[in-house]
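What follows is each chain in one-letter form.
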Amino acid sequence: MTQAFLSIRKLRKAFGAFTAVHDVTLDIPKGEFLTFLGPSGSGKSTTLYAIAGFQDPTSGDVLLQGKSLLSIPSHKRNIGMVFQRYTLFPHLSVAENVAFPLRVRRRPDGEVKRKVADMLALVRLENFAERLPAALSGGQQQRVALARALAYDPPILLMDEPLSALDKKLREEIQAEIRRIHRETGVTILYVTHDQEEALHLSDRIALFRSGRIAQIGTGEDLYLRPANEFVAGFIGNSNFLAVEHLETENGAAVVRLADGSIVKGVKAADKLDRGQKARLMVRPEAFHLTGVPGTASLAVEIVDAAFFGDRRRVVARTASGDEIDVRPTSDAADPDGADAGSSRQIFFDPAAAFLFPA
Amino acid sequence: MSVQAQQGIATLRIPEGLGGLLPALILIGLFFVVPVLALLLRSVTDPAPGLQNYAALLGDGTYARVFFNTFLVAAVVTIVTVLVAFPVAWMLAIMPPALASILFGIIILSMWTNLLTRTYAWMVLLQRTGVINRALIGAGIIDQPLPLINNLTGVTIGMVYIMLPFMILPLVGTLRAIDPMTLRAAALCGASPLAAFRRILLPLSLPGIAAGGLMVFVMSLGYFVTPALLGGTSNMMLAEMIAQMIQSMLNWGLGSAAAFILLVVTMALYALQLRLVGSKRAVGGA
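These protein sequences, in sequence, are chains D and L.
Letter by letter, the first sequence follows residues 1 to 359 of the working numbering.
Letter by letter, the second sequence follows residues 1001 to 1286 of the working numbering.
Chain L extracted, bound-state conformation (with noise of 0.2 Å):
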């Protein structure tokens, strides 16, 4: 008898279902797959059809650098951002919920709060005669001004401090799935302070390290503003030369296939990650 309800809600449920998400299914195709085609098909026809944007992209040791200097700023500020936010997070996870939400409500206030503003104040705080630099020579701990900006220094603190709340929300979430009396129960089993982190807390929390990790990481990789104000001119990243390709250059097949191997390898993370974390699931579930 249940078996056939489950049939008759199962037969008419599908072809409603899909008549349902007709609209949206228009909407996606109309507004994200249609572009990225034409963005694919812009970056093998312009200005003429073949591959000769990728290989000019791939073979050109300038653009090469862009590549592996954009690589190597989203990997820094992806690791700095867990450093910095996982004490954080815990401290978030394991004090009074209604002091948490309060700094909850801090976190988030600043995400939405203007991103140049943010980015502005940054600048104000860290150049040659900027505020920190002042101090610390006013307090006689340096001579000469700290190079803070248009380097590599300004981009990561300038970008760690934006991901920050992509990286702690996540993680919250997964510290405050641990039962803190785990970590009790590790200290009388003999575990020091730190073989509970390394051998109890780290592995528990590594799904909300990963998946923020991995939204740090991705959205540093197409980052603009920061990098472009903070960073200087010998490491610019990907979305700054794109932008100079289609502004300066005019040259939209070349600007096209940058954006689309930034695509491609955004998706191919994105894969590794399923894989990683879907297996761990299935360890999970055995």
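Looking at chain D on its own, in the form it has when it is part of the complex (with noise of 0.2 Å):
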């Protein structure tokens, strides 16, 4: 394997006796869309920072194309960032903001003019040049901030929730943006993130982070659909979980039995169990079905709330052991419409697309 651009090695911040972020190890190729995804407090801000310069961490290293980075002050680092809040310089109009970067690193003018011109229409904001940043709105102003940190082609950027004050549509248009802007660019971009429809739209691949340590890192398919643990299979998506007993190991898959009595085939386990052993059965809402298929295991549920949205149903459920669960089936043809709240009826899933985690 050819060595990695960017190398987390064993990264480790502590704070007082509070460990933020335990030893996580990480490689980055070029031009790779990276997303740090977690709860608040996850570990993920922290790590991002380290690579910034703004904490040392307590131990550990980050080398970038096989240098360390934490003996060079911020300043050095030659790095671009995307702030959370607003950052641009509010006595700077738009195309000094853009220029600033460049006037610290004393490029001759007209090269600062042409990069800026560049930059904002990278960004689409040509028109907006002589305005201060007060006189744009929240999105504008990120792009702005977009279009600063690239202007000096630095080889990474860092994105620290860059979207979080703004509200739900200018988000998507924005992050129809930065996907663009990636693969015009070509830079390798970190991206932070605890929204994971954001993390799922941007990413070329997710980290997620859970006290200081990932989780796992994939594809989004690989976090959505084979879940290293429960709390992967709980953050990402929709999920429920049964309670259920492991029997035993058949073929490679787990067989165990639900709460109801009935007994389910050809399920997959991230963790080895032991026989009689208590376990968590996950399926996704939209794994159950109506309407049964030769395979596909039985669940005998008392029907809660029934909704129909057109292209699918929401149908929240009660399973005999009292959990409830969320099902949310495709309304194809098929379906009956017999969902009524109150009535008890089977619905059913197929074992492939069930996972199993220790209790």
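Certain hints may be false.
Which chain D residues face chain L? A few, computed with CB under 8 Å, are given here [said to hold, decoys possible]:
| no. | residue |
| --- | --- |
| 1 | A52 |
| 2 | F54 |
| 3 | S74 |
| 4 | H75 |
| 5 | F100 |
| 6 | P101 |
| 7 | V104 |
| 8 | R105 |
| 9 | R148 |
Here are a few chain L residues that face chain D, going by a calculated C-beta distance under 7 Å [claimed, not checked]:
| no. | residue |
| --- | --- |
| 10 | T1182 |
| 11 | L1188 |
| 12 | C1189 |
| 13 | S1192 |
| 14 | P1203 |
Calculated directly from the structure, the hints in this document are not laboratory data.
Glycine included, each C-beta is placed from N, C-alpha and C at the ideal position.
Mind docking these for me? Both chains are given alone in their own frames, and the hints should help you get the complex.
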């Protein structure tokens, strides 16, 4: 394997007795869009700040093309960054904000002018060059911040929840812009967010953080379809957890007994389980069907609530053990319309789409 | 509907507002406008009608020296105050609020301490046989006592000390409004700490420096106690001269004229600041 472009080696950051980041190790190839996803306080921003040079790690190393960044102060790291808050320089025009990194590098005027024009074209704000930041909307300000961060062609662009202050519609618009800019510039991007949809929309790979550790790293499909543990399964997408008992392992797949006594075969298990061990079976809401086909498992439930949304139904059902589960079958013609609140019935799922985790 | 309602409120409020303002207007007229006019009148009528008081003040080399000295002291005090206040204000702006409010309390407390007491304290510290000179001689750093009092050095030290809170308070307000993240952004953009200070922090804190600086400069122009106690006879300031004119020479006309010149200069400076800050605001709003 070729040497990683950006490499994080056993990075640890402790604040007194609290360890925010536990020995995180990561390799990021050139040009990748990698997202640090996780709940607040999971260590994703701390890791980003260590790369930016705002926080000195307790131990570990950050290497860019094999060279350690840690002894280099922030202003010499040549890294681009877009922040959560608007950090444009309020007394400088949009053009001067974008020119700032070039001016402190003492680039010639002609080059600065050309580069500023290119960058403003990249973020489609050519007509706003002379405005002051206060005269721009939040979305426009973040686009200027993006232009400023890319003006000096940094090898890495860090983005710390850059869209969290924007409303949903604007967020989606700028997500599309960021994808386009990533395609056009080929810059390596490290993106921090707690919004999984944003992460799934933007990233090549996602590193899901939990309590200072990476719970799983992989493509969005890996995390959604092949979660490594219960935390990943619960964090990414919607999921239902059914209390089950593990009976045995058969042909590499698990056999479990549901609360209503029915046996389900062919379930994927992330960890090795003992015979008779209590476990939790994760089934995505959209993996449930109201009609059974051969090979599917069935589950006796009571319908608590049902609604029809055109392309899908949304049903809240209660299992024999009293767990409420979220069921979102696609509403194809074969589905009966008999999912009335208060009725008891069977619902179905494909065992291959379920995951077994130790309880 | 809303336009009508607003007009209704507006027509109701104007006469009522004016009526309510009347006591305040009378107070300001009686205690502020009338005395200033009386001062002006006195300066052109005492001892005889005419501009001879102004001619004497502006034409005489001795008086000119006092004016020059007054502006010199005020300018030096303002510059030194800004230089000392800036790092203090920056620390207060970025430190944890609980600690900052304790330090604020200490600064305010020093403001409330009697001015004369503080100035005499500086006399004790600065004189030839004072604490500072003795300590320096005792430590073997100097042989002869430093001339720290009865000169510009003494006046500057004493006045900077008194003026500091008037500079720190507006400056902290301005600095607190600056998001520290902006400076982190500047650092990642490649700005060294010095470049970030010069290109970002300093321009953003200019309104606070201007407001505090003007206040300190204007207060310094008319200051009496500290220059009288810590300054020398060779660098008399305007307020001391006015005191002499009125107390020793009993020349009310000349004293009034000197006071009026000070007032006009102060107002001109204020107008200048309004213009500078005002034009900056206009750019900010564009």
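The hints, checked one at a time:
1. A52: holds (6 Å)
2. F54: holds (6 Å)
3. S74: Holds, because the Cβ-Cβ distance from S74/D to chain L comes to roughly 4 Å (cut-off 8 Å).
4. H75: OK, holds: H75/D within 8 Å of chain L, min 5 Å.
5. F100: holds (6 Å)
6. P101: holds (4 Å)
7. V104: Where the cut-off is 8 Å and the nearest Cβ of chain L is about 5 Å from V104/D, the hint holds.
8. R105: Since the shortest Cβ distance to chain L is 6 Å, the answer is holds.
9. R148: Interface hint status for R148/D: holds (7 Å vs cutoff 8 Å).
10. T1182: holds (5 Å)
11. L1188: With a minimum Cβ separation of about 5 Å from chain D (threshold 7 Å), the hint on L1188/L holds.
12. C1189: With a closest approach of 4 Å, the C1189/L hint holds.
13. S1192: Hint on S1192/L: holds, closest Cβ of chain D at ~5 Å, below 7 Å.
14. P1203: holds (5 Å)
Comparing the model with each numbered hint stated earlier shows that all of them hold.
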